[in-house]
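Asks: Please construct the entire structure, taking both the sequences and the accompanying hints into account.
Those sequence lines, one after another, are chains F and Z. Count along the first sequence from 1, add 7, and you get the number used in this note's numbering. Count along the second sequence from 1, add 7, and you get the number used in this note's numbering.
Treat the hints with caution; some may be incorrect.
Pairs count within a copy or across copies, as identical chains cannot be separated in the list.
[To be verified] DSSO-like mimics (lysine-lysine), calculated; alpha carbons at most 27 angstroms apart, straight line:
1) K173 - K140
2) K173 - K136
3) K213 - K140
4) K210 - K136
5) K140 - K210
6) K173 - K216
7) K173 - K213
8) K210 - K173
By construction, these hints were calculated from the structure, which means they are not laboratory data.
The primary structure of each chain is shown beneath.
Protein chains: 2
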Amino acid sequence: MRGLHPVRGDRLPDTAGASGAPIALDAMGGDHAPGEVVAGAVQAVREHGVPIVLVGSPRPIHEALLRHDAAAEIPIVRAEETLAMDEGALASLRRPRSSIAVACHLVRRGDAAAVVSAGSTAGVVATGKLRLKGQPGVLRPAIAVALPTLPRPTVLLDAGANAEVKPEMMVQFAHLGAAYAETAFRVGEPRIGLLTIGSEPGKGNKLTKRAHELLSAAPGLDFAGNIEGHDLLTGVVDVVVTDGFTGNVTLKTLEGSVRYAFSELRRTIEESRTARLGGLLQRRRIRDLRGRLDPEAHGGAVLLGLNGTVVIAHGASHAAGISAACVLAAELAAQGVVPRIGERLGTAHRPHRLW
Amino acid sequence: MRGLHPVRGDRLPDTAGASGAPIALDAMGGDHAPGEVVAGAVQAVREHGVPIVLVGSPRPIHEALLRHDAAAEIPIVRAEETLAMDEGALASLRRPRSSIAVACHLVRRGDAAAVVSAGSTAGVVATGKLRLKGQPGVLRPAIAVALPTLPRPTVLLDAGANAEVKPEMMVQFAHLGAAYAETAFRVGEPRIGLLTIGSEPGKGNKLTKRAHELLSAAPGLDFAGNIEGHDLLTGVVDVVVTDGFTGNVTLKTLEGSVRYAFSELRRTIEESRTARLGGLLQRRRIRDLRGRLDPEAHGGAVLLGLNGTVVIAHGASHAAGISAACVLAAELAAQGVVPRIGERLGTAHRPHRLW
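Replies: Written as structure tokens, this is what we have:
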């Protein structure tokens with residue numbers, strides 16, 4: 008593939024060609040980069056067959072690969088700069104050769120199918136917008152997160168890309184989220200819910216009242232009406248639409264409450280010997296439940312609406328979270344979420360690449 | 008007391024005089040009125056020594072009192088109309104003699120110390136604003152809810168009275184919440200947190216960025232800075248300030264997630280015999296934990312900023328929830344939350360009543 012510079016080896020590993028274009032993984036983004044990012048890449052390649060290229064500073068990446076005996080399996084693309092975890096939009100403009108910018112560039116050129124990064128959300132969003140640009144017709148890209156509902160996940164967006172939104176953007180978020188549900192979760196006709204403060208149509212603030220009107224009238228959307236905070240984990244809709252401020256506070260509240268409920272439970276159980284005994288008998292099942300509800304298990308947040316798939320893993324991700332993000336990115340790219348968004352927004356054009 | 012019309016008996020029960028003015032309890036508000044409301048009143052009187060008057064339609068109230076053999080203990084004040092659960096502000100204007108309006112009237116006249124209702128929140132807020140009016144200097148009253156944090160509850164407001172707010176109102180909300188924490192939970196200098204989408208001061212939407220500036224500069228407030236959704240149940244601050252839309256979505260999300268975590272846990276445990284065995288050994292402790300996290304246990308939401316204490320119990324409250332709301336109302340009135348708000352806002356005047 009044009010543009011890849013493997014640091015070791017004369018030819019690219021077979022996996023890159025056979026399974027489609029690789030995932031461009033930002034090796035330098037995140038609290039545990041590059042060590043855990045590389046470990047996650049190895050896991051994605053070996054356990055899930057997802058082709059990866061690691062983008063960043065070659066030496067530490069190579070050393071990490073050696074620890075897994077994987078230097079021949081995963082190519083490296085050089086990027087000498089890195090955005091720090093607290094750098095945001097302006098820093099992105101100043102660092103055209105940051106690992107995240109180079110990863111986006113690979114997607115734009117067709118040398119990678121998607122970008123994955125555990126770097127700062129603000130930095131990834133700004134770099135993505137600048138380097139990949141919005142799809143035709145997209146007012147603003149949005150961050151979508153899959154909530155661990157049953158029988159299948161619920162997509163929540165915008166989870167934080169846009170702190171201020173206009174009602175028209177909310178209609179687009181519905182289409183972005185529906186495309187995600189269709190491609191990643193095979194939902195035939197995703198049901199859309201609008202997150203607000205009452206079930207009756209007249210309830211809410213100015214933004215949600217107007218968004219309700221627009222969503223009700225929008226063609227191509229199965230709008231199920233208003234939903235409230237306590238409906239989020241019931242699986243009653245497939246996509247939940249909200250503004251980025253409310254979405255981010257809500258998502259963090261969800262994560263914090265579930266974590267709180269489990270830690271209170273553990274504390275309660277450990278306070279008594281009888282209860283502890285009971286705890287031993289359930290340990291495996293509770294661990295499985297915690298795993299299902301663990302944000303790291305779901306592959307992270309997806310930035311939808313750009314000319315390329317971008318997955319943002321939790322900053323604190325370890326190998327498992329990185330691997331899950333790569334698997335999610337590969338699935339979204341393979342299933343064509345970007346063309347699907349184009350179709351939904353009525354601005355689809357024949358893609359000249361299959362991913 | 009002037010104005011009370013006991014349906015039975017020639018003199019008022021001693022409890023009304025001895026413990027201070029009674030709580031005016033809207034007997035007709037809520038999903039399980041008047042039966043569960045009356046049961047809750049009986050519980051508050053007998054188990055907590057809180058004097059109550061029941062406001063509403065005399066016949067069904069009296070019949071319910073007879074079932075508890077309590078007709079001589081709790082007076083009734085007649086109000087022939089009732090706001091339906093789905094009626095809101097306009098209905099309040101049309102029904103000057105609704106049970107909630109009459110209850111507010113008792114407080115205004117000094118014949119009751121506080122109002123408690125499980126009726127529709129919109130109806131209670133509208134009636135309260137109309138009949139009790141805002142305290143001098145209060146831009147908007149706010150609904151405050153106590154989150155079950157340890158070692159003591161955290162006050163969250165505005166939990167839904169104002170879907171749109173201005174930054175100046177957020178500063179007032181901080182004072183209202185601080186007064187609640189001081190009076191109900193004896194917190195000496197309540198720490199205030201601003202709910203937003205990032206810990207750094209520059210993060211948030213326009214409203215929260217401006218509110219941050221105002222809160223930082225406001226005298227008489229111990230402003231601890233921004234907090235995020237996952238901090239809500241950590242007890243890191245005493246008061247969390249937000250707008251009514253975000254507050255309501257957040258509160259419902261909290262309630263829904265905790266409920267979800269417990270039901271998932273129960274389901275997980277019941278799927279296996281071994282785990283079930285473990286569950287038997289913990290049943291009591293888990294039940295206690297669920298009780299602590301149960302919204303009904305906390306006495307409901309308090310409408311702060313009016314010339315009188317108003318507590319809104321959950322619409323689905325049973326007797327225990329009603330009783331807890333009455334206990335909370337009595338405590339707030341006795342501890343003087345209304346005068347304390349006046350002092351904080353710099354508009355305190357010597358109250359001519361002690362409640």
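Asks: When no copy is named, should K210 and K173 be tagged within, between, both, or neither for a Cα gap of at most 27 angstroms?
Replies: Both: 17 angstroms inside a chain and 19 angstroms across chains, each within 27 angstroms.
Asks: My question is about K213 and K140: at a cut-off of 27 angstroms on alpha-carbon distance, are they close within one copy, between copies, both, or neither?
Replies: between (30 angstroms within a copy, 25 angstroms between copies)
Asks: 27 angstroms Cα cut-off: does K210 pair with K136 within a copy, between copies, both or neither?
Replies: Between copies only: 19 angstroms across, 34 angstroms inside.
Asks: Measure nothing new, just compare the shortest in-copy and cross-copy C-alpha distances for K173 and K216 to 27 angstroms and report within, between, both or neither.
Replies: Intra 11 angstroms, inter 19 angstroms, cutoff 27 angstroms: intra and inter.
Asks: My question is about K173 and K140: at a cut-off of 27 angstroms on alpha-carbon distance, are they close within one copy, between copies, both, or neither?
Replies: This pair counts as within: shortest intra-copy Cα distance 20 angstroms, inter-copy 34 angstroms.
Asks: Within a copy, between copies, both or neither: which one fits K173 and K213 at a CA-CA cutoff of 27 angstroms?
Replies: Classified as both; 10 angstroms inside a copy, 14 angstroms across copies.
Asks: I want to check one pair: K140 and K210. Are their C-alpha atoms no more than 27 angstroms apart within a copy, between two copies, both, or neither?
Replies: between (35 angstroms within a copy, 24 angstroms between copies)
Asks: How would you classify K173 and K136 at a CA-CA limit of 27 angstroms: within, between, both, or neither?
Replies: Within one copy, since 19 angstroms is at most 27 angstroms while 31 angstroms is not.
Of the numbered hints stated above, none is contradicted by the structure.
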